[in-house]
Amino acid sequence: MSSQIESHDDVNDGKTPVRTGDADGLPETREHDPFADPGLPAHKPRIQDLDERAAKRSERVVTLLFTVSMLATVGFILSYALIPIDAITYIWPFGNVSPLNFSLGMTLGLALFCIGAGAVHWSRTLMSDEESAQERHPIEATPAVKAAVMEDFRKGTEESGIGFGRRKMIRNSMFGALALVPLSGIVLLRDLGPSPEGGAPLRRTMWEEGTLIINENTGQPLRPEDMVVGSLVQAMPEGLDLHDHHFHEEIAKAAVMLVRLEPEDIKDQQSADWGHEGILCYSKICTHIGCPATLYEQQTHHALCPCHQSTFDLSDGARVLFGPAGHALPQLRITVNEDGYLAAMGDFEEPPGPSFWERG
Amino acid sequence: MKKLSVRRRHPLAAFVVLIFALAATGGLYAALAPAGEAKADASETSIAIEEGQKLYAVGCASCHGAGGQGSSDGPTLVGVGAAAVDFQVSTGRMPMQQPGPQAPTKPNIYSEEEIAQLAAYIASLGPGPGVPEASAYDPSEGNAAHGGELFRTNCSQCHNFTGQGGALTHGKYAPNLHDVDPKHIYQAMLTGPQAMPSFPDAVLPPEQKRDIIAWLTAVNTSESPSPGGFGLGGFGPVAEGLFAWTFGIGLLVAVAVWVAAHTAKARKS
Numbered sequence: 001m002s003s004q005i006e007s008h009d010d011v012n013d014g015k016t017p018v019r020t021g022d023a024d025g026l027p028e029t030r031e032h033d034p035f036a037d038p039g040l041p042a043h044k045p046r047i048q049d050l051d052e053r054a055a056k057r058s059e060r061v062v063t064l065l066f067t068v069s070m071l072a073t074v075g076f077i078l079s080y081a082l083i084p085i086d087a088i089t090y091i092w093p094f095g096n097v098s099p100l101n102f103s104l105g106m107t108l109g110l111a112l113f114c115i116g117a118g119a120v121h122w123s124r125t126l127m128s129d130e131e132s133a134q135e136r137h138p139i140e141a142t143p144a145v146k147a148a149v150m151e152d153f154r155k156g157t158e159e160s161g162i163g164f165g166r167r168k169m170i171r172n173s174m175f176g177a178l179a180l181v182p183l184s185g186i187v188l189l190r191d192l193g194p195s196p197e198g199g200a201p202l203r204r205t206m207w208e209e210g211t212l213i214i215n216e217n218t219g220q221p222l223r224p225e226d227m228v229v230g231s232l233v234q235a236m237p238e239g240l241d242l243h244d245h246h247f248h249e250e251i252a253k254a255a256v257m258l259v260r261l262e263p264e265d266i267k268d269q270q271s272a273d274w275g276h277e278g279i280l281c282y283s284k285i286c287t288h289i290g291c292p293a294t295l296y297e298q299q300t301h302h303a304l305c306p307c308h309q310s311t312f313d314l315s316d317g318a319r320v321l322f323g324p325a326g327h328a329l330p331q332l333r334i335t336v337n338e339d340g341y342l343a344a345m346g347d348f349e350e351p352p353g354p355s356f357w358e359r360g
Numbered sequence: 001m002k003k004l005s006v007r008r009r010h011p012l013a014a015f016v017v018l019i020f021a022l023a024a025t026g027g028l029y030a031a032l033a034p035a036g037e038a039k040a041d042a043s044e045t046s047i048a049i050e051e052g053q054k055l056y057a058v059g060c061a062s063c064h065g066a067g068g069q070g071s072s073d074g075p076t077l078v079g080v081g082a083a084a085v086d087f088q089v090s091t092g093r094m095p096m097q098q099p100g101p102q103a104p105t106k107p108n109i110y111s112e113e114e115i116a117q118l119a120a121y122i123a124s125l126g127p128g129p130g131v132p133e134a135s136a137y138d139p140s141e142g143n144a145a146h147g148g149e150l151f152r153t154n155c156s157q158c159h160n161f162t163g164q165g166g167a168l169t170h171g172k173y174a175p176n177l178h179d180v181d182p183k184h185i186y187q188a189m190l191t192g193p194q195a196m197p198s199f200p201d202a203v204l205p206p207e208q209k210r211d212i213i214a215w216l217t218a219v220n221t222s223e224s225p226s227p228g229g230f231g232l233g234g235f236g237p238v239a240e241g242l243f244a245w246t247f248g249i250g251l252l253v254a255v256a257v258w259v260a261a262h263t264a265k266a267r268k269s
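Sequence order for the protein chains is F and A. Once you know that position 232 of the first sequence is 232 in full-length UniProt numbering, the rest is easy, because the numbers rise by one and skip nothing. Once you know that position 131 of the second sequence is 131 in full-length UniProt numbering, the rest is easy, because the numbers rise by one and skip nothing.
Calculated directly from the structure, the hints in this document are not laboratory data. Nothing here was measured: the structure is a model prediction, and the numbers come from that model. Some clues are possibly wrong.
[To be verified] Label pairs and their calculated CB-CB ranges:
hint : chain 1 : residue 1 : chain 2 : residue 2 : range
1    : A       : Asp138    : F       : Leu242    : 51 to 61 Å
2    : A       : His146    : F       : Pro201    : 18 to 28 Å
3    : F       : Tyr80     : A       : Asp179    : 49 to 59 Å
4    : F       : Ile83     : A       : Thr221    : 17 to 27 Å
5    : A       : Ser140    : F       : Gly116    : 30 to 40 Å
6    : A       : Ser140    : F       : Gln269    : 48 to 58 Å
7    : F       : Asp37     : A       : Lys265    : 35 to 45 Å
8    : F       : Ser355    : A       : Asp138    : 41 to 51 Å
9    : A       : Ala145    : F       : Asn96     : 49 to 59 Å
10   : F       : Asp316    : A       : Val257    : 24 to 34 Å
11   : F       : Tyr80     : A       : His146    : 48 to 58 Å
12   : A       : Ser140    : F       : Ala252    : 30 to 40 Å
13   : F       : Asp316    : A       : Phe243    : 22 to 32 Å
14   : A       : Phe243    : F       : Asp33     : 26 to 36 Å
Idealized CB from N, CA, C, for every residue including glycine.
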């Protein structure tokens, strides 16, 4: 046993490479056996191995590279300390760049590159390049070691009481605990299932009867005379502030865009009736996966979604012309209140935004 | 004379005669045609409108109709205003070179005076936005940060976050706003050229238009600072990642291959 452990350090079963080549690198056994292992080729010297002056030169090159790296690091620290952070300089061919960014990047890059280049040059020209083969050992442990480990394991099982010992209660309660833990994960899958209130929060938005339509640019309520034919306004419901806690939750459902068309260009009668003198108010949340579909072409009245190119015809009730969207963009019924402002006549008739489980 | 009559049946003879005839007709017309006379009693504006109408009849009427009422080939110009004419003609978009989904910019062949005359004529057809004052679009007076916010609300869906432009449907596109004259940006917002919707002053007040111009001047001109250099089109992390993965890692692989391919041995084999 022990002799086997000692001996496999230098096992040679005829499969490991042995230096057999002569000076030309041709194996001796070639004539006899066409498939013989050629072994490693004979070592060839480098210029640096033959010529001491070349070796000195290599040494100087490597030292120079490392020195340049040191200088670059000093340059990095100096640039950091000396160059103002807001300076802008024209540097060809990069354009009007920050000289601080530029010199920090250049010096750090040079410092790292010179370390790498120096190391590569050093190892290729000066370090020993004799190839040496290392023997491979069997992976398997010796029977004696295997037996000892198995014996230890058996003893451990016995002492801990799992299976054969007296304390079966511990073992069974542990099995119970391990079996129950995954249940937490399964309970969380409930969130993928039906929405608690039948999707009610997804069906409601902030729009109600009489809610004013606020121009997002000015923060003021819109009047119909503000919009000329061909114009586009991004708008939101009155009473929503960017700093509200629920701002994002609400704007994600209530965001609208208003466009003004020549009334005779509107093909869908219901759509025209829901607008005001050619002003139509549509949800801008794409019914595919909810990107803002506001790439509006005023000549064709098409609104395009930038994410998957769903195209809606705003002159025809926002019918889907192209793309993966499954529904038309919901239209908000609008009117003009007694003060002359545009106002909603109620919430959307159908839920805005992407489809969900209960929407149908 | 005999030489000439010998060659009268030469295949090119007809062309030569034709060229001489055309030259003679043109020369006679230039010499004898009555010169256009300005009416002495007309005010400066009505002269401009009259001159503009002549230019309109030559360059625009074939598509927009003899009186600017529009046709199947071009929209009506009644009420588009002087700003629309100034934008379309001085950027070279109009007159359009050939029918297509969108009129691209091209070198403008009209003088400033001619554009003003055209604009005066179109403005006389119906009320519309006029050419803005220089102070209205002076980027140095705008608030670039606020303009960035407004740009992202109103413009970035088509023109991208720093005005790099983007594709629309059926061959139309939102152009790149790099180095566009602030005056033209202002006029485009005001009038809504081609597929672009308009943003009248009641919707986007003039100070906000100036803020947007200040923003574009800060991010998308040849003089705009680009602290990192190599903006790669300003499209964001996707373009930058692609560049790093293909060119950065490609360069590392190439260097590694080059190092390994060059032997350090004294005798090359």
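Now for the hints, and whether the structure bears them out:
1. A:Asp138 - F:Leu242: 51 to 61 Å: violated, 29 Å
2. A:His146 - F:Pro201: 18 to 28 Å: violated, 34 Å
3. F:Tyr80 - A:Asp179: 49 to 59 Å: About 34 Å separates the Cβ atoms of Tyr80 of chain F and Asp179 of chain A, which means 49 to 59 Å is violated.
4. F:Ile83 - A:Thr221: 17 to 27 Å: Given a distance of about 24 Å, which is inside 17 to 27 Å, the answer is holds.
5. A:Ser140 - F:Gly116: 30 to 40 Å: violated, 48 Å
6. A:Ser140 - F:Gln269: 48 to 58 Å: holds, 51 Å
7. F:Asp37 - A:Lys265: 35 to 45 Å: violated, 23 Å
8. F:Ser355 - A:Asp138: 41 to 51 Å: holds, 48 Å
9. A:Ala145 - F:Asn96: 49 to 59 Å: Given about 19 Å between the Cβ atoms, the range is violated.
10. F:Asp316 - A:Val257: 24 to 34 Å: violated, 59 Å
11. F:Tyr80 - A:His146: 48 to 58 Å: violated, 33 Å
12. A:Ser140 - F:Ala252: 30 to 40 Å: Because 37 Å falls inside the window, the suggested range holds.
13. F:Asp316 - A:Phe243: 22 to 32 Å: Once the Cβ atoms are compared, 42 Å apart, the range 22 to 32 Å for Phe243 of chain A and Asp316 of chain F is violated.
14. A:Phe243 - F:Asp33: 26 to 36 Å: violated, 54 Å
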